[in-house]
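Model the full structure from these sequences, guided by the hints.
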Amino acid sequence: MIVVDSVYDVEPQLANNRDYWLGYGRAGRLDGDVTLYRSDVRHPQLNGVLRVREGALEAALTEVKRLDGLPRMWWVGPDSYPELGDDLAAAGGVQVGAIPVMAVALDRVTELPSPPDLSIVEVPGVYSLREWVESYAPSMGVTPDQLEVDLLMEQDRPDGPGELVRFAALLDGKVVGTAALLDRAGVAGVYVVTTREEYRRRGIAAATTAAALDLARLRGLRVATLQASEAGAEVYRRMGFETVATYQIFGL
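No gaps in the numbering here: position 206 of the sequence shown is 205 in numbering that gives the first Met the number 0, and each next residue is one more.
Calculated directly from the structure, the hints in this document are not laboratory data. No false leads were mixed into what you were given.
Derived CB-CB ranges, DEER-like:
#, residue 1, residue 2, range
1, Lys173, Asp32, 44 to 50 angstroms
2, Glu57, Val120, 45 to 51 angstroms
3, Leu217, Val93, 42 to 48 angstroms
Note that the Cβ used here is the ideal one computed from N, Cα and C, for glycine as well.
Encoded structure:
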């Protein structure tokens, strides 16, 4: 297995991100000149176009019809051709946000304080995949009517043994936070870092992220990568992460 040494080696980090979201392509996925995934969950981040290579915009505009009837987003990052954002704007697209890609060397992670009675476990285990999904859904903006479709989406991921590890943070006898580690492309991808609203600002997100980083370190990986929300970016910076690339997010 190739192990990435530098946080500035961005392509493996983007490949990890593509693999993660393509895992949600139960209802349809493409991975070629156009990379596209469809989960059937009515949430824009769970259906979208991840990459368009040079000369493939016309094909992308055709293939995106696979997502008709669903909220979706276009990820415009360094793995797409440089003019994609301009071309989407010319086709009527609107930039609706930006997501920083952040990375840290696993031997330079700063430990942050967390509740002393917090415990982190892998899922499924003491707690089921359903409880994990029900914990992260409100933070991710997945509405109650989409929970069963969301659970099916998680159950149907095609990851190999040990490639995707889910973590639950336990406090007061319930799941109060989540995270996931995707071991792919020689880097540790960290995803689904959430905390129940009533438990925020206690260090729980940092603790679940740290659990994923600890496992990655034990596996011999050297670089971790994630895409940060606005609320989470400052926490990750305090842990040692830095921004190494950016996805522009478009609606069309």
